[in-house]
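We have chain C already, so just place chain Z on it with the hints.
These protein sequence lines map, in sequence, to chains C and Z.
Each residue of the first sequence is one higher than the one before, counting from 0 in numbering that gives the first Met the number 0.
Each residue of the second sequence is one higher than the one before, counting from 0 in numbering that gives the first Met the number 0.
Read the hints as simulated data drawn from the structure, not as lab findings.
Nothing here was measured: the structure is a model prediction, and the numbers come from that model.
Using N, Cα and C, we set each Cβ at its ideal position, and we do this for glycine too.
Heads up, none of these hints are tricks.
Between beta-carbon pairs, the in silico distance windows are:
#: 1; chain 1: Z; residue 1: Leu225; chain 2: C; residue 2: Arg171; range: 36 to 44 Å
#: 2; chain 1: Z; residue 1: Ala145; chain 2: C; residue 2: Lys196; range: 25 to 33 Å
#: 3; chain 1: Z; residue 1: Ala255; chain 2: C; residue 2: Asp31; range: 27 to 35 Å
#: 4; chain 1: Z; residue 1: Ser184; chain 2: C; residue 2: Lys196; range: 34 to 42 Å
#: 5; chain 1: Z; residue 1: Glu179; chain 2: C; residue 2: Ala198; range: 20 to 28 Å
#: 6; chain 1: C; residue 1: Asp310; chain 2: Z; residue 2: Ala197; range: 56 to 64 Å
#: 7; chain 1: C; residue 1: Asp31; chain 2: Z; residue 2: Glu179; range: 50 to 58 Å
#: 8; chain 1: C; residue 1: Val176; chain 2: Z; residue 2: Lys50; range: 49 to 57 Å
#: 9; chain 1: C; residue 1: Ser185; chain 2: Z; residue 2: Glu142; range: 19 to 27 Å
#: 10; chain 1: Z; residue 1: Tyr105; chain 2: C; residue 2: Ala48; range: 38 to 46 Å
#: 11; chain 1: Z; residue 1: Gly16; chain 2: C; residue 2: Glu88; range: 35 to 43 Å
Spelled out from the first residue to the last, the chains are:
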Amino acid sequence: MGKGIWVFAEQEDGKVRKVTFEILSNMRKIADAKGEQLSAVCLGKDIAALADKFAPYGADKAYIVSHDLLAQYTTDGYAKALADLIVKEQPSMVFFGATVMGKDLAPKVAVRVNAGLAADCVSMKLEGDKFVVRRPMFSGKVYAEVAFQNTDIMMASFRPNVLVATAPDAARTAEVVNVTPEIAASDIRVKVVEVVKTAAGKVDLTEAERIVSGGRGMKGPENYAMIEELAGVIGATVGASRAAVDAGWRPVSDQVGQTGKVVSPNLYIACGISGAIQHYAGMGTSKMIVAINKDSEAPIFTKCDYGIVDDLFKVVPALTAEVKKLMAE
Amino acid sequence: MKQVPDTEAQIRVKSDGTDVVLDGVKFIISPYDEYGIEEALRIKEKMGAGKVSLMCMGPARCVESIRTGLAMGADDAFHLDDAAFEGSDPLATAKALAAQIKKLEYDVIFCGKQAIDDDQSQVGVALAENLGIPHVSLVTKVEVAADKKSAKVSRQIVGGEEIIEVPLPAVLTTQKGLNEPRYASLPGIMKAKKKPLAPVKAADIGIDAATVGAAGAKTKGINFSLPPARTAAKIIAGASPEEKAATLAKALREDAKAI
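Next comes chain C alone, as it looks inside the complex (with noise of 0.2 Å):
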């Protein structure tokens, strides 16, 4: 007991991701209430120079794990030198962001190292000396409770978005552990041979703070420039219901839903969304809730903070001249 509590790092382009130091932030207190230790553990080709982005968030170690091989994401690169340094370490616990790149990357070295996992967390707490999770089931429907057994270390993945980082403590050190993991070009099975970025700068719609989202009253395709110049101004990234995506207005990374992407902002400005169950389950968990649509009976106005019920092509330009005018004062 007492092996250590991990978060690994999840890093882009020598950027890390914010879920990271969200989960650092919450696992501080689970870590001095066990009596151990919080390490960060960063995988990549080129990453010294993260080593110390992690203290500051509440880790009291930082694995730098760099070889030429993990340049590239690929599950197996990255899965043995996850799992070759759990074998070797470990841990009582490890956790991902629930990004792509956790979702991918969990369950493998979940079964390679016989750990128990729990997916898309939203919450963690001790009770007592049980470590228990908290994760939405049936699209957000349903939160279950989920305790650990039958293995010596749990994962769990959580959610972007949700967890609330603590400021940084630039007085907090770490101590640095660099890793040079044994990987050979046989262990990477898949071959990537093209990466296409089609929102290169945008932020991601399971990362963004604010969404504008528009949906089957937006009418046509061409409209949704005043959802762009909305988002623009707020610093929101832009969405699409369902019925949008599949009316080909707005491409299927856009969508936001039970089959599109699950969201987590602090601000989500629905416009001509009905909020059918379906939609509900990729943002209902967004700390606020604003509708605009001109049917009174659309189900988004029983689950909003605030709701306007007119004519969105009146009020969403109304709405970004107002916000103009107010961020000018």
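Leaving out everything else, chain Z in the frame of chain C:
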């Protein structure tokens, strides 16, 4: 494939919170699994040969959904139904499925990226690891090479996509956008009644009961609850859309400090 409650279903929980209540719920094939069945059928049609087999772990009621998959065009099915499997967590499920699949020959295994009841996103990835084969998750396009030794797939990543070459056999987990699944036709439904649907017990696949089901699960739901209700919405009043917008802007900026 997994049988799950319909997306519209109202899910209730027991008053003591120890379980969910699925009485009276309508069941369907999990939508992401449907993309997998459809893609398998398309590959078989394109290659002009091959067999599509369904693997499903779950109670007796799953037969109905398995028959729907067969009606779509799958050739046969294996239904893992045993008290020993009950209470499995995703990793135990993957272990059991792997034990069955190991007995067969296969080129591609499709899994939904997640089942829309548990939403764990684990089984597909864990299955590949148990079988010792590679996987690619979130595939939106699949091209199997003519020699069936590899596939070129598109995979959704943050802010874009990756094109990946993966050797076969492999597990591919499906993402929306891969295809539009076909509906089962009436002739398909009739044919499905005669297609082989093999019930599979733990003993049939040589699996140690201690490693699956409630006995082998490494995670367990200990309490189930409905999400807290949102406080009632403030519907903004105003004489015009512009006036309402102004009120909203002020509320978001000053009261909620959301912008």
